[in-house]
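Participant: Read off the chains here:
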Amino acid sequence: MNKLVHDAKEAIADVQDGATIMMGGFGLCGIPENLIAALCRKGTKNLTVISNNAGIDDFGAGLLMHSKQIRKMISTYVGENHLFERLVLSGELELELNPQGTFSERIRAGGAGIPAFYTPTGYGTLVAEGKETREFGGRMYVLERALTADFAFIKAWKGDTLGNLVYRKTARNFNPMMATAARMTIAEVEEIVQPGELEPDMVHTPAIYVRRILQGQHYEKRIEKRTVRKANQ
Amino acid sequence: MSALSKREVIARRVAREMKDGYTVNLGIGIPTHSANYIASGIDVLLQSENGLLGIGPFPLEGEEDPDLVNAGKETITTIAGASFFSSADSFAMIRGGHIDLSILGAMEVDEHGDLANWMIPGKVVKGMGGAMDLVAGAKRVIVAMEHATKEGRPKILKKCTLPLTGVGVVDTIITELCLIDVTDRGLVIRELREGVTLEDLQKVTEPTLVVDGPIHQMEL
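Protein chains in written order, with the working numbering: chain A, 1 to 233; chain B, 1 to 220.
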């Protein structure tokens, strides 16, 4: 049951043109840097990418915009990527925006065998247009459908060779749900450990969801907005 | 009026709405800034929708951690007793009614409590992020914004013109001029800034404001 692959190139060798890929991360925090870079080098085209954000112009999912590899994005907020804005306005890139809670729940549902669910979020707004609505207990709800993908690119802090994962701080974000919602989940980690080294009580993503795992290299872990305080504040 | 900027006035007044024991989600901009004015002795737990309960101050220089950011992607710290969780757990917390107070900015609010703060047709769409879930799920929603546009046009309207973030979701509006409650009877004026009259306020507010009970001077 050793799921360890040699590198990111090997991990994504079977990603074909037209694939749907989930990518973990909130902004640049907790993104699968190695897998994105490998996909960029591989040049796979016509991708649908499901990711909360679109990276920035020269990092994260933004790299895949420069190379025009993405056909469609499903996201919640894309304000930090200027190239992205131009591609959407020119019609080269299709964009589907979801409320962030709906986005995360659609992915959670996708991994949990729930085809659709009702949420109060977005009722009466553009988001609800064309969707079923229904009243429960005097309040209106919108029917939202689950999201699944061909691949999920996950970034974790530590992982064992069986595929158990532990995330660190707010780098967890969408990674745990995405790991459950794809046919092929690939995780890159900062530190590979042996089975038994992760305390079972501390595992965030159980190994069952992860098909391939790799030791990431040369993490940049860029900070999008560096904010600090003076020592006397 | 004192020399405080509009932004400072709004942030200070907003901070006074945070009660001891509250769990609060603060939007980007003025709401986040208001955390600096929470009175000592008031214990508030700040939630960040990217997966943290218990936001602390900004880190000291050199102590920034790329794995620890708030919903505005700014580097932050945690307080003792903080917890991390996934985005699905975070929005279960938000949608499930576990957040006492959501404070966020607005482009427009109307007298029915409808809110527009995510999209201007014809301009580049950035996305709604977590705003639609926050206004749908938090127990109380406060809009914190400048009273009028830069051109002096009202942002408090009879009916929002921009695409909505939520329908009938706003409970209270706080601006640099006043505090207004959204009620079944309309927009009830509760507080006025020192030196501002009801007539002044009505000139920059589209719907007719309702007087129902005493109007207090805004304390900052």
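There could be a bad hint or two in this list.
[Claimed, not checked] No more than 20 Å apart at the CA atoms, straight line, and that leaves these computed lysine to aspartate or glutamate pairs for EDC-like:
no.: 1; chain 1: B; residue 1: K123; chain 2: A; residue 2: E85
no.: 2; chain 1: B; residue 1: K123; chain 2: A; residue 2: E224
no.: 3; chain 1: A; residue 1: K158; chain 2: B; residue 2: D67
no.: 4; chain 1: B; residue 1: K126; chain 2: A; residue 2: D201
no.: 5; chain 1: A; residue 1: K225; chain 2: B; residue 2: E61
no.: 6; chain 1: A; residue 1: K221; chain 2: B; residue 2: D89
no.: 7; chain 1: A; residue 1: K230; chain 2: B; residue 2: E64
no.: 8; chain 1: B; residue 1: K126; chain 2: A; residue 2: E224
no.: 9; chain 1: B; residue 1: K123; chain 2: A; residue 2: E92
no.: 10; chain 1: A; residue 1: K221; chain 2: B; residue 2: E63
no.: 11; chain 1: A; residue 1: K169; chain 2: B; residue 2: D67
no.: 12; chain 1: A; residue 1: K225; chain 2: B; residue 2: D67
no.: 13; chain 1: B; residue 1: K123; chain 2: A; residue 2: D58
no.: 14; chain 1: A; residue 1: K230; chain 2: B; residue 2: E63
no.: 15; chain 1: B; residue 1: K126; chain 2: A; residue 2: E85
no.: 16; chain 1: B; residue 1: K126; chain 2: A; residue 2: E96
no.: 17; chain 1: A; residue 1: K221; chain 2: B; residue 2: D65
no.: 18; chain 1: B; residue 1: K126; chain 2: A; residue 2: E94
no.: 19; chain 1: A; residue 1: K158; chain 2: B; residue 2: E61
no.: 20; chain 1: A; residue 1: K9; chain 2: B; residue 2: D89
no.: 21; chain 1: A; residue 1: K230; chain 2: B; residue 2: D200
no.: 22; chain 1: B; residue 1: K126; chain 2: A; residue 2: E80
no.: 23; chain 1: B; residue 1: K126; chain 2: A; residue 2: D57
no.: 24; chain 1: A; residue 1: K225; chain 2: B; residue 2: E63
no.: 25; chain 1: A; residue 1: K225; chain 2: B; residue 2: D89
no.: 26; chain 1: A; residue 1: K221; chain 2: B; residue 2: E64
no.: 27; chain 1: A; residue 1: K169; chain 2: B; residue 2: E206
no.: 28; chain 1: B; residue 1: K126; chain 2: A; residue 2: E129
no.: 29; chain 1: B; residue 1: K123; chain 2: A; residue 2: E94
no.: 30; chain 1: A; residue 1: K169; chain 2: B; residue 2: E151
no.: 31; chain 1: A; residue 1: K169; chain 2: B; residue 2: E63
no.: 32; chain 1: B; residue 1: K126; chain 2: A; residue 2: D14
no.: 33; chain 1: A; residue 1: K230; chain 2: B; residue 2: D89
no.: 34; chain 1: A; residue 1: K221; chain 2: B; residue 2: D67
no.: 35; chain 1: A; residue 1: K169; chain 2: B; residue 2: E64
Read the hints as simulated data drawn from the structure, not as lab findings. Model, not experiment: these values are computed from the prediction.
Participant: Work down the list of hints and note, for each, if the structure agrees.
Facilitator: Results of checking the hints against the structure:
A threshold of 20 Å between alpha carbons decides the hint, and for K123(B) with E85(A) the separation of about 10 Å falls inside it, so the pair holds. Annotation: proposed proximity of K123(B) to E224(A) is violated, straight-line Cα distance about 24 Å (limit 20 Å). Taking the CA atoms of K158(A) and D67(B), the gap is about 13 Å. The hint holds against a cut of 20 Å. Proximity of K126(B) to D201(A) is assessed by CA-CA distance (about 39 Å); at most 20 Å being required, the pair is judged violated.
Note on K225(A) and E61(B): the hinted pairing holds, with a Cα-Cα distance of about 13 Å set against a maximum of 20 Å. A hinted pair counts as satisfied when its Cα atoms are at most 20 Å apart, and K221(A) with D89(B) does not qualify at roughly 24 Å. Of the pairs offered as hints, the one joining K230(A) and E64(B) holds, with about 13 Å between alpha carbons and a cut-off of 20 Å not exceeded. Of the pairs offered as hints, the one joining K126(B) and E224(A) holds, with about 17 Å between alpha carbons and a cut-off of 20 Å not exceeded.
Restraint check for K123(B) and E92(A): satisfied, since their Cα atoms lie roughly 17 Å apart, inside the 20 Å limit. A hinted pair counts as satisfied when its Cα atoms are at most 20 Å apart, and K221(A) with E63(B) qualifies at roughly 14 Å. Taking the CA atoms of K169(A) and D67(B), the gap is about 6 Å. The hint holds against a cut of 20 Å. Proximity of K225(A) to D67(B) is assessed by CA-CA distance (about 12 Å); at most 20 Å being required, the pair is judged to hold.
Note on K123(B) and D58(A): the hinted pairing is violated, with a Cα-Cα distance of about 23 Å set against a maximum of 20 Å. Among the hinted pairs, K230(A) with E63(B) is consistent with the structure: their alpha-carbon atoms are about 12 Å apart, no more than 20 Å. A threshold of 20 Å between alpha carbons decides the hint, and for K126(B) with E85(A) the separation of about 8 Å falls inside it, so the pair holds. A hinted pair counts as satisfied when its Cα atoms are at most 20 Å apart, and K126(B) with E96(A) qualifies at roughly 11 Å.
For the suggested pair K221(A) and D65(B), the alpha carbons sit about 9 Å apart, so the restraint of at most 20 Å is met. For a cut-off of 20 Å, the pair hint linking K126(B) to E94(A) stands: about 14 Å separates their Cα positions. Annotation: proposed proximity of K158(A) to E61(B) is violated, straight-line Cα distance about 27 Å (limit 20 Å). Taking the CA atoms of K9(A) and D89(B), the gap is near 32 Å; set against the 20 Å cutoff, the hint is violated.
Between K230(A) and D200(B) the CA atoms are separated by roughly 41 Å; this puts the pair beyond 20 Å, and the hint is violated. Taken as a hint, the K126(B) and E80(A) pair is honoured in the structure, with Cα atoms around 8 Å apart against an allowance of 20 Å. With a C-alpha separation of about 15 Å, the suggested pair K126(B) and D57(A) falls inside the 20 Å cut-off, and the hint holds. At roughly 14 Å between alpha-carbon atoms, K225(A) and E63(B) fall within 20 Å of each other, so this suggested pair holds.
Distance restraint check for K225(A) and D89(B): the Cα-Cα separation of roughly 25 Å exceeds the 20 Å cut-off, and the hinted pair is therefore not satisfied. Restraint check for K221(A) and E64(B): the C-alpha separation of about 11 Å stays at or below 20 Å, so the hint holds. With a C-alpha separation of about 45 Å, the suggested pairing of K169(A) with E206(B) is violated against the 20 Å cut-off. Annotation: proposed proximity of K126(B) to E129(A) holds, straight-line Cα distance about 19 Å (limit 20 Å).
Pair hint K123(B) plus E94(A) holds up; C-alpha atoms about 16 Å apart against a cutoff of 20 Å. Note on K169(A) and E151(B): the hinted pairing is violated, with a Cα-Cα distance of about 43 Å set against a maximum of 20 Å. A C-alpha spacing of about 15 Å is found between K169(A) and E63(B), which places the hinted pair at or below 20 Å, so the restraint holds. Taking the CA atoms of K126(B) and D14(A), the gap is about 33 Å. The hint is violated against a cut of 20 Å.
In summary, the hint linking K230(A) to D89(B) is not supported, as the alpha carbons are separated by about 33 Å, beyond the 20 Å threshold. Taken as a hint, the K221(A) and D67(B) pair is honoured in the structure, with Cα atoms around 8 Å apart against an allowance of 20 Å. With a CA separation close to 13 Å, the supplied pair K169(A) and E64(B) stays within the 20 Å bound.
Violated hints, in rising order: 2, 4, 6, 13, 19, 20, 21, 25, 27, 30, 32 and 33; the structure is consistent with all others.
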